[in-house]
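**Q** Protein chains in written order, with our numbering: chain A, 1 to 116; chain B, 1001 to 1116.
It should be emphasised that the hints constitute simulated quantities derived from the structure, not laboratory data. Note that the coordinates shown come from a computational prediction; the quantities given were computed from them, not determined experimentally. Don't be surprised by glycine CBs; every beta carbon is placed ideally from N, CA and C. Some clues are possibly wrong.
Straight-line distance between alpha carbons at most 27 Å, and here's what the computed DSSO-like set of lysine-lysine pairs gives [what the hints assert, rightly or not]:
no.	chain 1	residue 1	chain 2	residue 2
1	A	Lys70	B	Lys1038
2	A	Lys3	B	Lys1017
3	A	Lys38	B	Lys1017
4	B	Lys1052	B	Lys1095
5	A	Lys103	B	Lys1017
To give an idea of the chain A side of the interface with chain B (calculated C-beta under 7 Å), a few residues [to be verified]:
no.	residue
6	Glu26
7	Gly43
8	Leu48
9	Arg50
10	Phe54
11	Tyr64
12	Asn102
13	Ala108
14	Gly109
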Amino acid sequence: AQKVTQAQTEISVVEKEDVTLDCVYETRDTTYYLFWYKQPPSGELVFLIRRNSFDEQNEISGRYSWNFQKSTSSFNFTITASQVVDSAVYFCALSPFSGGYNKLIFGAGTRLAVHP
Amino acid sequence: DAMVIQNPRYQVTQFGKPVTLSCSQTLNHNVMYWYQQKSSQAPKLLFHYYDKDFNNEADTPDNFQSRRPNTSFCFLDIRSPGLGDAAMYLCATSKEGLAVPTYEQYFGPGTRLTVT
């Protein structure tokens, strides 16, 4: 079975705090892709990162960083020095490599509220 | 800017009255997807077009149909909307191929459907 679990339903922080969003996935595939998307109140899903199963290097992009650990099937997302504009729902997603199309299996999402 | 456009952003229809949602893209991507996202839930894939080939998810109700007259446009038809079909409908596109690794999906802003 393919599944993504985001155990944190809602997180509330004060601006400038660091926050980590957890993502745990299940798959029997050896090749797969992991994604993070941001959904602000406007509704549009915004792509943040894609990682394939063979690349366990952590990645940093500005205030965003991602920690991929195959040993624990986790792909966690950290926002450093959070800002009010980071307030959104964040989805982690899994895509098995089908060679045909990219089926995204989403987690339930984590709603992040950053307060001034 | 290349993008995914959805019209209208808000649609109100009556119970049982057919409704069509539209999606267009300027990305020239070969795959187009339709997702249903109910309140506080993750997006759920309804179907996708790989080029001209239509692929239905197993649990998508027959009430939902889709058309893709050309590369740029894709329509979602709901033949007899019920109250349970009220949701945000998201269109997405991606560039895929048998020899090409899975790329990210680009989402439109969504159409929020209300059924009265």
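**Q** Hint check: is the beta carbon of Glu26/A less than 7 Å from a beta carbon of chain B?
**A** 15 Å, violated
**Q** Does Lys1017/B lie within 27 Å of Lys103/A when you go C-alpha to C-alpha?
**A** 30 Å, violated
**Q** With a cut-off of 7 Å on the beta carbons, see whether Arg50/A makes it to chain B.
**A** Since the shortest Cβ distance to chain B is 5 Å, the answer is holds.
**Q** Does Phe54/A meet its interface restraint, that is, does its C-beta lie within less than 7 Å of any C-beta in chain B?
**A** Given a least distance of 10 Å, the restraint on Phe54/A is violated.
**Q** Hey, Lys70/A versus Lys1038/B, does the alpha-carbon distance stay inside 27 Å?
**A** Not OK: Lys70/A and Lys1038/B at ~31 Å, beyond 27 Å, violated.
**Q** Under 7 Å, Cβ to Cβ, is where Leu48/A needs to be relative to chain B, so tell me if that hint holds or is violated.
**A** Cβ of Leu48/A sits 9 Å from chain B, so the hint is violated.
**Q** Is the hint on Tyr64/A kept, meaning its closest Cβ partner in chain B is under 7 Å away?
**A** 15 Å, violated
**Q** Can the hint on Gly109/A be confirmed by a CB-to-CB distance to chain B that is less than 7 Å?
**A** 6 Å, holds
**Q** Can you confirm whether the C-alpha distance between Lys1052/B and Lys1095/B stays at or below 27 Å?
**A** 14 Å, holds
**Q** Assess, step by step, whether the Cα of Lys3/A is no farther than 27 Å from the Cα of Lys1017/B, and give holds or violated.
**A** Violated, at roughly 35 Å.
**Q** How about Asn102/A: closest beta carbon in chain B under 7 Å, or not?
**A** 4 Å, holds
**Q** Can the hint on Gly43/A be confirmed by a CB-to-CB distance to chain B that is less than 7 Å?
**A** OK, holds: Gly43/A within 7 Å of chain B, min 4 Å.
In summary, the structure is inconsistent with hints 1, 2, 3, 5, 6, 8, 10 and 11 from the numbered list given earlier, while agreeing with the others.
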